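With these hints in hand, go ahead and build the complete structure from the sequences.
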Amino acid sequence: MDAKEIIARRVAREIHPGMLVNLGIGLPSMVANYVPASLGVFFQAENGVIGLGARPPEGMENLSLTDAGGGFVTAAPGAASIDSAMSFGLIRGGHLDMTVLGGLQVDEAGRLANWKVPGKMVPGMGGAMDLVTGAARVVVAMQHAARGESKIVRSCSLPLTSLRRVDLVVTELAVIAPTEAGLVLRERAPGVSLEEIRAATEAALILDGDVPEMILA
Amino acid sequence: MDAKEIIARRVAREIHPGMLVNLGIGLPSMVANYVPASLGVFFQAENGVIGLGARPPEGMENLSLTDAGGGFVTAAPGAASIDSAMSFGLIRGGHLDMTVLGGLQVDEAGRLANWKVPGKMVPGMGGAMDLVTGAARVVVAMQHAARGESKIVRSCSLPLTSLRRVDLVVTELAVIAPTEAGLVLRERAPGVSLEEIRAATEAALILDGDVPEMILA
Amino acid sequence: MKGALTPQAAAELIPDGASLMVGGFMAVGTPARLIEAIVARRPRNLTLICNDAATPGKGVGKLISAGLISRLIASHIGLNPEMQAKMISGEVECELVPQGTLVERIRAGGMGLGGVLTPTGLGTEVEEGKQIVEVQGRRFLVETPLKADFALLGAWQADYVGNLRYLLTAHNFNPVMALAGATVIAEADSIVPVGVIPPDAVKTPGVLVDHLLIRPGL
Amino acid sequence: MKGALTPQAAAELIPDGASLMVGGFMAVGTPARLIEAIVARRPRNLTLICNDAATPGKGVGKLISAGLISRLIASHIGLNPEMQAKMISGEVECELVPQGTLVERIRAGGMGLGGVLTPTGLGTEVEEGKQIVEVQGRRFLVETPLKADFALLGAWQADYVGNLRYLLTAHNFNPVMALAGATVIAEADSIVPVGVIPPDAVKTPGVLVDHLLIRPGL
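Protein chains in written order, with the numbering used here: chain B, 1 to 217; chain H, 1001 to 1217; chain D, 2001 to 2218; chain G, 3001 to 3218.
Think of the hints as simulated: they come from the structure by calculation, not from any bench.
Bear in mind the structure is a predicted one, so any value in this text is a computation, not a measurement.
For each residue, glycine too, the CB sits at the ideal point set by N, CA and C.
Careful: at least some of the hints might be erroneous.
Stated by the list, open to error - Think about it this way: if two alpha-carbon atoms lie no more than 30 Å apart in a straight line, the pair counts; the simulated DSSO-like pairs of lysine-lysine are:
#1 G:Lys3062 - D:Lys2147
#2 B:Lys120 - G:Lys3002
#3 H:Lys1120 - D:Lys2130
#4 G:Lys3130 - B:Lys120
#5 H:Lys1120 - D:Lys2062
#6 D:Lys2130 - D:Lys2002
#7 D:Lys2130 - G:Lys3147
#8 G:Lys3147 - B:Lys4
#9 D:Lys2058 - H:Lys1120
#10 D:Lys2130 - G:Lys3058
As the list claims (entries may be wrong) - Between beta-carbon pairs, the in silico distance windows are:
#11 D:Asp2189 - B:Arg137: 32 to 40 Å
#12 B:Gly18 - D:Asp2189: 18 to 26 Å
#13 B:Glu149 - G:Gly3129: 27 to 35 Å
#14 G:Asp3016 - B:Ser157: 40 to 48 Å
#15 D:Asp2189 - H:Glu1149: 43 to 51 Å
#16 B:Gly209 - D:Asp2189: 37 to 45 Å
#17 G:Glu3093 - B:Gly18: 22 to 30 Å
#18 H:Gly1209 - G:Pro3193: 33 to 41 Å
#19 G:Glu3134 - H:Met1060: 34 to 42 Å
#20 B:Glu5 - D:Arg2139: 50 to 58 Å
#21 G:Glu3127 - B:Lys4: 27 to 35 Å
#22 B:Lys4 - G:Pro3193: 46 to 54 Å
#23 H:Gly1094 - G:Ala3085: 33 to 41 Å
#24 B:Glu58 - H:Glu1058: 35 to 43 Å
Claimed, not checked - Short, incomplete list of chain G residues facing chain H, as computed with Cβ under 8 Å:
#25 Thr3006
#26 Ala3032
#27 Glu3091
#28 Gly3195
#29 Val3207
And the structure:
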């Protein structure tokens, strides 16, 4: 199982029946693969659909039914189309139960940076700032390090997405819960030791009771 | 022809093809009787319909199609139903071409008071403050005096509806245009003299050229 | 959507002292069976947020006549003399709000905005005691967001995930209130199976709705 | 509604230096024939307000590729490397705005509000140079309203009074932009006689629309 699959399978277990969930493009969108349809979860795409369904078979695409990445999707039974004002009203008003986003850095205050690398990558924040500021629960799904550098840092060196403390960080090594006291190490990936996690992490990690192995969906 | 009919017929001539118009309840609503259907005017009721039609024949009412006074109406061809947010968005955003409202007082600054008589009548402002503040053009349709007292006053003694200078005042005696310089007397009712208008008016009236007789629709 | 309830069970959710937003304009679009059930249960000391006070014995007028309301936030009470008398006697504390400001305050509450910047009310009694902000050289009143413990909605059609449609002028405050109630209860003229309401016809997504009233007769 | 125009006639309304709001999200819901006609006419020095820069040669990406845009206000340009290069070189001045803030700024402009009070962007680069207001003990950014000379909309169905419907995720910014353009031009997949679109299905009332594009083939 590769890093991304571990992350997606672990994040999937955060999703409970009846939730309204927004999955970012890339790795976060893989989470949907591990959420059983029987849960009755509604996925929102911020471009304007509640009840996002799977990609349609070739030849059955509709040009006016896409996800936030522009890919063709279908509509689940009970789906609703909404305009951007309603879409972000749901996000900013706390009606979105959970957002799963990728990250560049998370720091000891639980703050996320995920929209800009000055001088290198300036794509614009899209909906990320609204999602992190407004969603009821923010889960960051990202690999633990990039080019050998820990992405769990003491203090973000990249521009912040929001001052809001995110609720959970899931990597291929660990599950970390940002709290007022700092980053609490909650779970480790199957076969990974506490020492391996500490060695891979720039930020201080707090131990608060047992650190069991992740259970994957 | 009674006072109200004179006023309604004169106001009707302010309405031009294709306009979106809101008529207040009471006297202003009579204006619709003198606007030919061929003009293609859309009447808005602020409770949520664009394209208000006449009262339906008895037995053909629909409980969910009423005007702002709660009376049964019909929907003209091309009508649209809107919620209160869109309805007041149209009003406050300047998309409403004209509102016709009743008045208690208009003063020399062109300010309207029409929502409250302290100690006597406190119905609430409903949509009046939004209509007067936001509509592209505000026409006040009211009788010139009440209980022998002029309603065109030096300075409103009743609580203001808005600081906005209204665009036109139509009474059974005169058409008056509030301007930066003051209240300009534009027209007089058929058979009414300038002296009669002055005698019935507390506020100073400015003469600026001819004061022809009203033409009624 | 958590489930469909009888009007009685829905009314029992509402404790003394709760704040209620109730959809409707002169009782059009107001959930009638739900109001009846609340009147029967008689919770006290309620705060009512709605467009108008309707007329005595109609729509929210029933809540007022029954003496359940101690505070009202509305734009118009002129057609309910009973409510006017209760305001003058001090039995009901009444905040009168311009209609467009009222709907935007509810929307702001529901959509996580900090308030509403509006010229409506500037230089009038509505301005009293309020913060004024200058933006791009113009002055605006800051009107605060509104939320409530419950939003009680009247709809035309619902499905069993809670998606709602409204009919003609019965939309009014309902779609906006759906965003601003901690618990949202909708009474629909009919309830249809999931999939019957096309996605583009949904005016209130079901994810906002906690409870439907069960169909009459069930 | 003032009338239906050919794409060419519509494009001729747009002078050099105009500001355009264009509906669409990654080109879904963008008026394609109208964009083509504008590219053919080549007005210069335009300000473009839209959700994203699409991709090169698609949707509003065509306006950018053709060099017609000197200023862009958008939430995301990450999938249009051409636009990113033009921003870095300074050829196009670019203001990046959080998506929810962008749609509310347009709505505020279209609905006569003084601005938007939002927590989004507080404590980030987005805050720089902006007014902050405290309401009920919480701090909010004041984001200014947006309007434009033209709003160019992509719709699914129109009637001849200008009423519009949109399809599925092609709604996006279109209904809000319809409120904020001084001149509103809508391109619909089909145009139907007045009365065919039921009042409850109208998403943009025709009174907001100045021109439709004539049907293809006319």
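Here is what the structure says about each hint:
1. G:Lys3062 - D:Lys2147: violated (44 Å)
2. B:Lys120 - G:Lys3002: Distance of about 47 Å is beyond 30 Å: violated.
3. H:Lys1120 - D:Lys2130: holds (25 Å)
4. G:Lys3130 - B:Lys120: holds (25 Å)
5. H:Lys1120 - D:Lys2062: Within the cut-off at roughly 24 Å; holds.
6. D:Lys2130 - D:Lys2002: Violated, because 39 Å separates the two Cα atoms, which is more than 30 Å.
7. D:Lys2130 - G:Lys3147: With a Cα-Cα distance of about 27 Å, the restraint between Lys2130 of chain D and Lys3147 of chain G holds, given a limit of 30 Å.
8. G:Lys3147 - B:Lys4: The hint is violated at about 43 Å.
9. D:Lys2058 - H:Lys1120: Cα-Cα ~24 Å, so holds.
10. D:Lys2130 - G:Lys3058: Violated, because 48 Å separates the two Cα atoms, which is more than 30 Å.
11. D:Asp2189 - B:Arg137: 32 to 40 Å: holds (35 Å)
12. B:Gly18 - D:Asp2189: 18 to 26 Å: Roughly 25 Å apart at Cβ, these two residues keep to the hinted range, so it holds.
13. B:Glu149 - G:Gly3129: 27 to 35 Å: Once the Cβ atoms are compared, 32 Å apart, the range 27 to 35 Å for Gly3129 of chain G and Glu149 of chain B holds.
14. G:Asp3016 - B:Ser157: 40 to 48 Å: holds (43 Å)
15. D:Asp2189 - H:Glu1149: 43 to 51 Å: Since the Cβ atoms of Asp2189 of chain D and Glu1149 of chain H sit about 49 Å apart, the hinted range of 43 to 51 Å holds.
16. B:Gly209 - D:Asp2189: 37 to 45 Å: With Cβ atoms ~53 Å apart, the hint is violated.
17. G:Glu3093 - B:Gly18: 22 to 30 Å: Between Glu3093 of chain G and Gly18 of chain B, where Cβ atoms are some 45 Å apart, the hint is violated.
18. H:Gly1209 - G:Pro3193: 33 to 41 Å: Because 47 Å falls outside the window, the suggested range is violated.
19. G:Glu3134 - H:Met1060: 34 to 42 Å: violated (54 Å)
20. B:Glu5 - D:Arg2139: 50 to 58 Å: Taking Cβ atoms as reference, Glu5 of chain B and Arg2139 of chain D lie about 57 Å apart, which means the hint holds.
21. G:Glu3127 - B:Lys4: 27 to 35 Å: holds (33 Å)
22. B:Lys4 - G:Pro3193: 46 to 54 Å: holds (53 Å)
23. H:Gly1094 - G:Ala3085: 33 to 41 Å: holds (39 Å)
24. B:Glu58 - H:Glu1058: 35 to 43 Å: violated (58 Å)
25. Thr3006: violated (21 Å)
26. Ala3032: violated (26 Å)
27. Glu3091: For Glu3091 of chain G, the interface hint is violated, since the closest Cβ of chain H sits about 34 Å away, which is over 8 Å.
28. Gly3195: Because about 5 Å separates Gly3195 of chain G from the closest Cβ in chain H, which is inside the 8 Å limit, the hint holds.
29. Val3207: Nearest chain H Cβ about 4 Å off; hint holds.
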